[in-house]
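**Student:** Residue numbers (the UniProt record's numbering), protein chains in the order written: chain A, 1 to 222; chain B, 1 to 222; chain C, 1 to 222; chain D, 1 to 222; chain E, 1 to 222; chain F, 1 to 222; chain G, 1 to 222; chain H, 1 to 222.
Take the hints with a grain of salt, since some may be wrong.
[Said to hold, decoys possible] Beta-carbon label-pair distances, calculated as ranges:
{"id": "1", "chain 1": "A", "residue 1": "180", "chain 2": "F", "residue 2": "204", "range": "27 to 35 Å"}
{"id": "2", "chain 1": "A", "residue 1": "95", "chain 2": "F", "residue 2": "212", "range": "54 to 62 Å"}
{"id": "3", "chain 1": "B", "residue 1": "70", "chain 2": "E", "residue 2": "48", "range": "38 to 46 Å"}
{"id": "4", "chain 1": "A", "residue 1": "215", "chain 2": "E", "residue 2": "129", "range": "46 to 54 Å"}
{"id": "5", "chain 1": "D", "residue 1": "101", "chain 2": "B", "residue 2": "210", "range": "13 to 21 Å"}
{"id": "6", "chain 1": "A", "residue 1": "80", "chain 2": "E", "residue 2": "101", "range": "38 to 46 Å"}
{"id": "7", "chain 1": "G", "residue 1": "214", "chain 2": "H", "residue 2": "181", "range": "42 to 50 Å"}
{"id": "8", "chain 1": "G", "residue 1": "74", "chain 2": "H", "residue 2": "74", "range": "19 to 27 Å"}
{"id": "9", "chain 1": "E", "residue 1": "9", "chain 2": "G", "residue 2": "214", "range": "51 to 59 Å"}
The set of hints was computed from the structure by calculation and includes no laboratory data. Where a beta carbon is used, it is the ideal one built from N, C-alpha and C, also for glycine.
Listed here are the chains, written in short residue letters.
8 protein chains.
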Amino acid sequence: MASTNGMLDADDAVILLIDHQSGLFNTVRDVPVPDLRNYVIAIAKTATLLNIPVITTASVPDGPNGPLIPEIHQHAPHAVYVPRTGQINTWDNPLFVDAIKKTGRKTLIIAGTLTSVCMAFPAVSAVREGYNVYCVVDASGNWSKLATDTTIARVTQAGAIPTDTFAIVAELMRTWNRPEGSRFAEILAEHVCPEYKCLMESYSKAQAVVKDGPETNLDKYK
Amino acid sequence: MASTNGMLDADDAVILLIDHQSGLFNTVRDVPVPDLRNYVIAIAKTATLLNIPVITTASVPDGPNGPLIPEIHQHAPHAVYVPRTGQINTWDNPLFVDAIKKTGRKTLIIAGTLTSVCMAFPAVSAVREGYNVYCVVDASGNWSKLATDTTIARVTQAGAIPTDTFAIVAELMRTWNRPEGSRFAEILAEHVCPEYKCLMESYSKAQAVVKDGPETNLDKYK
Amino acid sequence: MASTNGMLDADDAVILLIDHQSGLFNTVRDVPVPDLRNYVIAIAKTATLLNIPVITTASVPDGPNGPLIPEIHQHAPHAVYVPRTGQINTWDNPLFVDAIKKTGRKTLIIAGTLTSVCMAFPAVSAVREGYNVYCVVDASGNWSKLATDTTIARVTQAGAIPTDTFAIVAELMRTWNRPEGSRFAEILAEHVCPEYKCLMESYSKAQAVVKDGPETNLDKYK
Amino acid sequence: MASTNGMLDADDAVILLIDHQSGLFNTVRDVPVPDLRNYVIAIAKTATLLNIPVITTASVPDGPNGPLIPEIHQHAPHAVYVPRTGQINTWDNPLFVDAIKKTGRKTLIIAGTLTSVCMAFPAVSAVREGYNVYCVVDASGNWSKLATDTTIARVTQAGAIPTDTFAIVAELMRTWNRPEGSRFAEILAEHVCPEYKCLMESYSKAQAVVKDGPETNLDKYK
Amino acid sequence: MASTNGMLDADDAVILLIDHQSGLFNTVRDVPVPDLRNYVIAIAKTATLLNIPVITTASVPDGPNGPLIPEIHQHAPHAVYVPRTGQINTWDNPLFVDAIKKTGRKTLIIAGTLTSVCMAFPAVSAVREGYNVYCVVDASGNWSKLATDTTIARVTQAGAIPTDTFAIVAELMRTWNRPEGSRFAEILAEHVCPEYKCLMESYSKAQAVVKDGPETNLDKYK
Amino acid sequence: MASTNGMLDADDAVILLIDHQSGLFNTVRDVPVPDLRNYVIAIAKTATLLNIPVITTASVPDGPNGPLIPEIHQHAPHAVYVPRTGQINTWDNPLFVDAIKKTGRKTLIIAGTLTSVCMAFPAVSAVREGYNVYCVVDASGNWSKLATDTTIARVTQAGAIPTDTFAIVAELMRTWNRPEGSRFAEILAEHVCPEYKCLMESYSKAQAVVKDGPETNLDKYK
Amino acid sequence: MASTNGMLDADDAVILLIDHQSGLFNTVRDVPVPDLRNYVIAIAKTATLLNIPVITTASVPDGPNGPLIPEIHQHAPHAVYVPRTGQINTWDNPLFVDAIKKTGRKTLIIAGTLTSVCMAFPAVSAVREGYNVYCVVDASGNWSKLATDTTIARVTQAGAIPTDTFAIVAELMRTWNRPEGSRFAEILAEHVCPEYKCLMESYSKAQAVVKDGPETNLDKYK
Amino acid sequence: MASTNGMLDADDAVILLIDHQSGLFNTVRDVPVPDLRNYVIAIAKTATLLNIPVITTASVPDGPNGPLIPEIHQHAPHAVYVPRTGQINTWDNPLFVDAIKKTGRKTLIIAGTLTSVCMAFPAVSAVREGYNVYCVVDASGNWSKLATDTTIARVTQAGAIPTDTFAIVAELMRTWNRPEGSRFAEILAEHVCPEYKCLMESYSKAQAVVKDGPETNLDKYK
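Just chain A, same shape as in the assembly (with noise of 0.2 Å):
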């Protein structure tokens, strides 16, 4: 596909958001808990804003794993649950890979909790089967950073593509220069990059200096 430059397409999209429940966030060190929740809902938010198929699935909700954060179908209400009867590896769940291959796409995004587990088995699983798999691990969440260095080796062993959030938003908008441009600014800002905003404030008040004069006078030098 030459006009992705080797990128992936956002038409061939779908991001597979796995396990990623209350309860085992609360085994994450890899990623700050609070960071993790955001890039999530980053993730849902640029899927509604592109139109990419979401498809969620839960481990056990009903048990100490908790529930989905619920901000994943608030943020994404077009995604699609696919409930699972146990199996770890959302792969060997055919309703999930149904779900996958109704929609007719070939590139799969995938994060989940725990990252060794939820997210590099099926990203070994679908490389396996020919799909172009990026696996979020920063949206992913694991209980170990030593775990994460090991499957970040992992999974690019196996051909899968390691990113992360931010990146992934990047890649799947391509370009600022597109009606929804201010709504990816403020996906980033408030959810990624918080450290964006305080550009984004500053920059506002330095403009409105010049505009609109200093809001504070120097009595001594000015």
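We have chain A already, so just place chains B, C, D, E, F, G and H on it with the hints.
**Tutor:** For chains B, C, D, E, F, G and H alone, coordinates are given in the frame of chain A:
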């Protein structure tokens, strides 16, 4: 004041939020910037809930330091803003000290960006004039962790009490057994310790399973 | 008390274990959660071994904070549980303070989750009322390391003595030359410093080689 | 093997636990020693649960390296111990390789202390002879984190699959929907991710509140 | 090209400096910002010294991303700036790719802020079109260390060569035995590894002591 | 001195820069060496701006400790160098103490490499003789972070005030509303907190966009 | 003692090296074990050089704690070993306190493994009996960094002076201008700060180049 | 070479120790400098023990880079030093490559300071010419950890095998069951993993207790 058991008295407290400006925030390296913003919001909301006076100020907000983050006055609409005319230690500004005196209160809760300057200087000055001073270190934000280590030692030596955002909110609320109890829980879960949000979600779900039954069926063994 | 050489007197001590609850544990980020659980167990077992009174309490255990971890009362069956009616500083609960007074002892060993709230607040209150207070920082558990740094400074400033689990167990046992010596070794090796277990295993093996001969033969050079 | 979706096949697996000795453990600096011990126990228990052959060996256990930690053979009583006569790479010991061959299996799960020697060397040798090799990095234990970073790259380059304890247990169990489901949950909560234990306790308590009522009464507002 | 021994050929190289903008710099968390600025300066100066073409570009420099840092064009006055019209992957901008083609060179040295987007995307695109690509990771700057870990794996997998500022300067200069030798030493000491400056000062002083005698006299023992 | 509100009085201050030597710098591990050099430069420039006396000294500069870094006397040409004859604590050198006495000032600002020796020793000595002492911890440089933690506790205990470079410059300048205001901004942005430089660049650019219009045109949507 | 300027007086000092045993060393996690061993050696050698009394003791050296490291008595042959009969706080052993009293000295330099027990307990006891106490934190070795943070606060609060190995050696030697000067340099370079060894080697080489000419010829440009 | 099971063959190996110079050492930040020196010594001693050819070289040793550390040729007196005439990649020096060729061996073990330059460049060149290359990352020493992360990826991608000091010594010795066994143990305990020294001391002591009886008597309970 025997009734507080040595804790601060919310009815004697004034909150000073000093120089929480967008530009300065981007120089902070001891607390993640989004966390810092949330901690300040938590304090602003707590002030509103408990009718504690809030005084804000900014250092040269027309320049690169940038504007006060908007959330403070948004969540604490009763806050009073005192402009400065260049003084680094806000205690050197008579208008600021007057604003404190007007409240008639003697317990100061201080947070300021940068910690080792904007929080520490007025803390030292206020202790010297007989105030009971609390320094909220993680709602301040400093340019290096070593500078923060140094500043904790300095303000403690001077007689100010070092504390953190969770502790100051808890010290102000004093008991869960009050009408605003759930509002405080919300503040802590949204802005201070988002891991707590997961606990609340898991808690509700666990109870829903008892009340409404499980959402999934494991065919084989149930 | 000349005989203790400035150390605490186990016969004057009461142990206060405050809010070690499953939910709160999952918000702890300054001590690994499994270590924290073990440190609390070590203190409970030590209390039992030395007949030191233990008083426990919990903060809203019917809600998301979760139940007290079961190991405390399991390993310190003599512990007294004092329910709270919402007070954050357990010192605000007269029943709790009465329970301490009933013991007639004046040395308090306090651990509480979160450190900067549940450990620090009653520590400050108790010092103010003339108690000799030890704060076991690493058997407490806090929401951030920066908050712990701040809290060590705060309780030290207030006059409480900061300590750690290994030190408090050692300060209570005072000598290895007592009938319970091996029980203490077991507590330390199982729950406080598991590296020590390796030392004990290697020690036994080294001696077994002398007594029973080697288990392997290196054919070529022996 | 289509049915595993690219995951390992438990029925084809042999677990090799190499040189998990008390003395060597005290040289480990990339994984906390008590965690390492627990991870190895988790693998031993999993092996027993699934009837996977386990082969152990030790490097000069009569010397300072110390004895095998006793928990392996205790929790995997079917494990076969193969003494070595000095070889560092256990693959250089024909008896060890024979023990593997006797199982008729071709998938090796390897953990060994030190990671960069005792795990890495036989992993490289086994891949070369056509085995499907999984390296459990955090159940191995290495003398420095930099050495572990290096070793992950080395074994991945050689064609072995890097993984972690949680992932390998999950990959072996494959589904929660099996008679041993709760036994696996116990293994993970006790030995791999003790944060999970808190989730289970909080879950039970939340449901008990619905079924049995709250344990505490907040006088004023209830 | 036998003569380079597998190293890059400076005469075939183009340097692409992408989106090194003041606003974006303040979101960088994997490299200290002042170091990042210096690394970019080092590359600009090296380019000038060796007459290597430099192409710069910026992402929406009129908005909060801010202007290109001025030092690039100041120290590489021959650099060509190619404005973008919103494209995130600069390879999507035909003018930028044309600028590269015009040089007739096939080896690209890429640095870009943020690493996982502005460096990684064109690196992947360029490899795909047959270029020999070097990614200067620490002259790029990323929003999180985990994202950088992920990106190193991604670009390596894609076939780009990961490198660092010191290495790329050294690979370009190839030998100290050239007229610009001391200029390179200056670049490295001023902008890449300032510890080296201390070595040079100490070296001169040690020799001055021999030539000019000591500056101090130790009365008693000399 | 009521007018300083407990802050130091620049007119009573002497700055002591002790043993900032090239060789010793290469043993520093608690502050990045280039940062350390910049912090010392910042203090030298501040001294010149405010006409504060500076006294320097060096420990055996003819040997491996190396020469004083040249920037101190370059940026503070009024600094007085007092050679030592081997004394480790510069306070043991009567010439050094005399140089201080000659200034008639009683407030000492001390930085010295190594922190736990060259800064701490004279700080302890000076407090004992009635001086008001400030220790600039991060402009000193120590051989290990643990040694610095220890030293902060030591000098605080002794009654010296621990501080950092940003704080001491700010405490000396006292207000932005003075003729040298922009010179101080330059010192801070160039030598103390280079992140601030980005803020200034972005600020200018944001205003230029209002005044001069944007530099780029996004064809499609503008 | 005016002549020491508030520093310790070597002629009044006794060095107490407590429980530096091989087994305990392997539980140390706040200081690298080889560094710890070297720091203790440095103190032993310094004691010998200055004829400072050294008293050693060990905790149950016949058990898993292991023997005293041999280097202490090897490098301080005048050291007196006082066996203990189980006491954890060596101050509880009258023989040990008597050994101190016999020296007639009142300044104690204490290091002990573990820091929070074997160093801290006798430090607290000794201060209480009027001794001037220095705690050498990094020559002690503790089971966790958090425990060390806590212990620094504890001993400082008790009135002991926290210090580090480099500082205590420097405080004892007081001046380079003494016959043993080069011996001290050797101790520091070999055992405390081996980075210094590089400085000495580079220094000699730089001077050799002046005296003996360069060893290499760069053909082309020289 | 079936007999090595994929491991390197000591009889085919040449060790290249490149630019381990005192000045460069002081720019190293990814490995503690004293550890780095010891690792290089370990490799030199191993080479001597096994009669493996060693070739050394230095980069401009007459300048600030400083001399080769003396321990290499001291512990490997058979090492051949090849002067360079300014080439950064030592593979660009025909004399160096000739020295390798003369050995007739095809397996190169490379360590060099700085890792990302002096180790990586010749590693890439050598792989390209058909050598079997091992990169000893932690016996090299680099200017930043990020640069090392990058370099591990680069050399692995190029086909060199990343390893560490402990692993390479172990891979060369192959078995403990050889006459030099105890010499290797000494090398590892003295220079690579000094924690091992504690194991040996504790081991001897434990056996001495059996053979010679305990040294201490606990009066009361024995």
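**Student:** Against each hint, give a clear statement of whether it holds in the structure.
**Tutor:** Going through the hints against the structure:
For residue 180 of chain A and residue 204 of chain F, the hinted distance range of 27 to 35 Å is satisfied, since their beta carbons lie about 30 Å from each other. For the hinted restraint 54 to 62 Å between residue 95 of chain A and residue 212 of chain F, the CB-CB distance of approximately 59 Å keeps it satisfied. Here the CB-CB span from residue 70 of chain B to residue 48 of chain E is close to 44 Å, well matched to the stated 38 to 46 Å. Taking the beta carbon of each, residue 215 of chain A and residue 129 of chain E are about 52 Å apart, inside 46 to 54 Å as hinted.
Distance hint for residue 101 of chain D and residue 210 of chain B: a CB-CB separation of about 53 Å, inconsistent with the stated range 13 to 21 Å. Between residue 80 of chain A and residue 101 of chain E the CB atoms are about 45 Å apart, so this pair conforms to the stated range of 38 to 46 Å. Checking the proposed 42 to 50 Å range against residue 214 of chain G and residue 181 of chain H shows it holds: the Cβ atoms sit about 44 Å from each other. The hinted range of 19 to 27 Å is satisfied by residue 74 of chain G and residue 74 of chain H, whose Cβ atoms lie roughly 23 Å apart.
As the Cβ distance of residue 9 of chain E to residue 214 of chain G is approximately 31 Å, the hint placing it in 51 to 59 Å is violated.
Figure legend: structure checked against the earlier numbered hints; hints not met, in rising order: 5, 9.
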